[in-house]
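S.K.: Take a look at the letters that make up each chain.
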Amino acid sequence: MLIDDNRADNYYHERVIRNNDSADIIIAKESAEDGLAYLKTGEGTQPDIIFLDINMPGMNGWEFLEEYHLLDKQLQSKVTIVMLTTSANPDDKAKAGTFDSLLDFLVKPLSAEQLDRIIGSFF
Amino acid sequence: MNEQGRIKYINSQTRLLFGYTREELIDQRLEILIPERFRKHHPAHTTAYMHSPSVRTMGAGRDLCALTRDGREIQVEIGLHPIHTQNGLLVQASIIDITERKIQEAIITRHVIELEAKNRELEQFTYIASHDLQEPLRTITNYIHLVKEDFGQLHTELPMYITTIEQSAKRMQSLVKGLLDFARLGRDKVLVTADSGRLVTNVIADLQNLITHSQAKIFISDMPHLNVYETELQQLFQNLIINAIKFRREFVPPVIQIASEQVEGEWRFSVRDNGIGIAAEYHERIFHIFQRLNKDTEYEGYGIGLANCKKIAELHGGKIWVESEPGSGSTFYFTIAKLNA
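Residue numbers (the working numbering), protein chains in the order written: chain B, 1 to 123; chain E, 1001 to 1341.
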């Protein structure tokens, strides 16, 4: 699942994931609220990996994480979250380190190598 | 003032300060010079002092108020000095009017707070501006990549156009990143006692490839231990050394001399090269961000290095300047103030 307000980035990342055969289904959400709502319903395909942007209008990536932690623990146990952001800001990177639920902190754009590394470390 | 807290002698300065005549004050209780609200507790303080008189200032760091004849309150500092006389214990009080100083202090404090707020705002602004500029740039780069992948073979000139767009986008990314680094410079600085000579040898180790490739010779004279922001100062040396190598004359291997000298309580460092030199009219401008003197095709760069150097020297309470003539090398000087760790 891609959660990013930037449609162009979602499209690009979808393409990188598709071309790399990394996922069967790609769900793109253009706001943290939409992403959260999707997870809350528990309906449809639930994601294995969420790529999460930080700077988004409305709920940002950090706030999404706080809300996400309130969700069903069983659901959480099946999901891996990776920050994928423009921010090379060391403050954000340091902050990401304080969240156990975050597997990684990547700076856009997502590359095939990064994808393989993440998937390799998990599945 | 005697042991009972009555005024016995006053000098003319005190008369002027409080606006009383000598007759009006002699044998009065000291409380006449104190604002009403402090009067009640004052005799107890006097008694306590008389039990163990010593030379000290009054009020232990608190602001003291005194009352003049015409009812004005003034801020004062008071020093107490016991004198043992035939007529018993007297205490000499030296009263300094610090009202003006307090007003000045308040103004300065307000300015400092405003300045700090402005600085934070500016830093935040630069940060956000450069961060938000990165985003569309990255999208451009990404999508050029897609065009190249999907349509690169279609037209013979397309790859060249795309490469040009790509290079421009990359250059802008580097500029924005430079701006971001510049804004962040010194934000997490830590003052430590460091061996400045070791900082230079660190830089030389890091630049080994460049130095070997350019056949540069670097000489370091005695360098001091001093209190500095280590990472930042090392970057300053690094930028100056890189420049000294980069702006070398054709077919002339760079010779760089690094020295230090103590001048009027500051350390003054110099980095001298035998490179192309800089015309006098540019001696100021080179330290401004994004200012460059040479075409990209001759000397690649972003115009950020020396702006960083200036900021780092200023972080250390110092200055940076250059002495140079075209064709006869440049000497960059910077100073570092004595900083308390």
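Check before you lean on any hint, since a few could be wrong.
Using C-beta positions, here's what the derived DEER-type ranges look like [stated by the list, open to error]:
{"id": "1", "chain 1": "E", "residue 1": "Ala-1279", "chain 2": "B", "residue 2": "Glu-33", "range": "56 to 66 Å"}
{"id": "2", "chain 1": "E", "residue 1": "Ser-1174", "chain 2": "B", "residue 2": "Lys-93", "range": "15 to 25 Å"}
{"id": "3", "chain 1": "E", "residue 1": "Phe-1151", "chain 2": "B", "residue 2": "Ser-121", "range": "29 to 39 Å"}
{"id": "4", "chain 1": "B", "residue 1": "Gly-97", "chain 2": "E", "residue 2": "Ala-1093", "range": "56 to 66 Å"}
{"id": "5", "chain 1": "B", "residue 1": "Asp-100", "chain 2": "E", "residue 2": "Ala-1129", "range": "14 to 24 Å"}
{"id": "6", "chain 1": "E", "residue 1": "Arg-1184", "chain 2": "B", "residue 2": "Ser-111", "range": "20 to 30 Å"}
{"id": "7", "chain 1": "E", "residue 1": "Ile-1113", "chain 2": "B", "residue 2": "Ala-23", "range": "49 to 59 Å"}
Here are the computed lysine-lysine pairs in the PhoX-like style, where the Cα-Cα straight-line distance is at most 20 Å [to be verified]:
{"id": "8", "chain 1": "E", "residue 1": "Lys-1170", "chain 2": "E", "residue 2": "Lys-1295"}
{"id": "9", "chain 1": "E", "residue 1": "Lys-1118", "chain 2": "E", "residue 2": "Lys-1148"}
{"id": "10", "chain 1": "E", "residue 1": "Lys-1310", "chain 2": "B", "residue 2": "Lys-93"}
{"id": "11", "chain 1": "E", "residue 1": "Lys-1338", "chain 2": "E", "residue 2": "Lys-1177"}
{"id": "12", "chain 1": "E", "residue 1": "Lys-1177", "chain 2": "B", "residue 2": "Lys-93"}
{"id": "13", "chain 1": "B", "residue 1": "Lys-40", "chain 2": "B", "residue 2": "Lys-78"}
Source of the hints: derived by calculation from the structure; they are not laboratory data. Glycine is no exception: its CB is placed at the ideal position from the N, C-alpha and C atoms.
S.K.: Taking the hints in turn, state whether each one holds.
M.R.: Right, here's what the structure says about each hint:
1. E:Ala-1279 - B:Glu-33: 56 to 66 Å: 59 Å, holds
2. E:Ser-1174 - B:Lys-93: 15 to 25 Å: Distance hint for Ser-1174 of chain E, Lys-93 of chain B holds at roughly 20 Å.
3. E:Phe-1151 - B:Ser-121: 29 to 39 Å: Check passed, 35 Å falls within 29 to 39 Å.
4. B:Gly-97 - E:Ala-1093: 56 to 66 Å: Holds, at about 60 Å.
5. B:Asp-100 - E:Ala-1129: 14 to 24 Å: 33 Å, violated
6. E:Arg-1184 - B:Ser-111: 20 to 30 Å: At roughly 25 Å between Cβ atoms, Ser-111 of chain B and Arg-1184 of chain E fall inside 20 to 30 Å, so the hint holds.
7. E:Ile-1113 - B:Ala-23: 49 to 59 Å: Given range 49 to 59 Å: holds, Cβ gap about 53 Å.
8. E:Lys-1170 - E:Lys-1295: 17 Å, holds
9. E:Lys-1118 - E:Lys-1148: Given pair Lys-1118 of chain E, Lys-1148 of chain E is violated - Cα atoms ~45 Å apart, limit 20 Å.
10. E:Lys-1310 - B:Lys-93: 28 Å, violated
11. E:Lys-1338 - E:Lys-1177: 32 Å, violated
12. E:Lys-1177 - B:Lys-93: It holds: about 16 Å lies between the C-alpha atoms, which stays within 20 Å.
13. B:Lys-40 - B:Lys-78: Judged against 20 Å, a Cα distance of about 14 Å means the pair holds.
Checked against the numbered hints given earlier, this structure breaks hints 5, 9, 10, 11; the rest are met.
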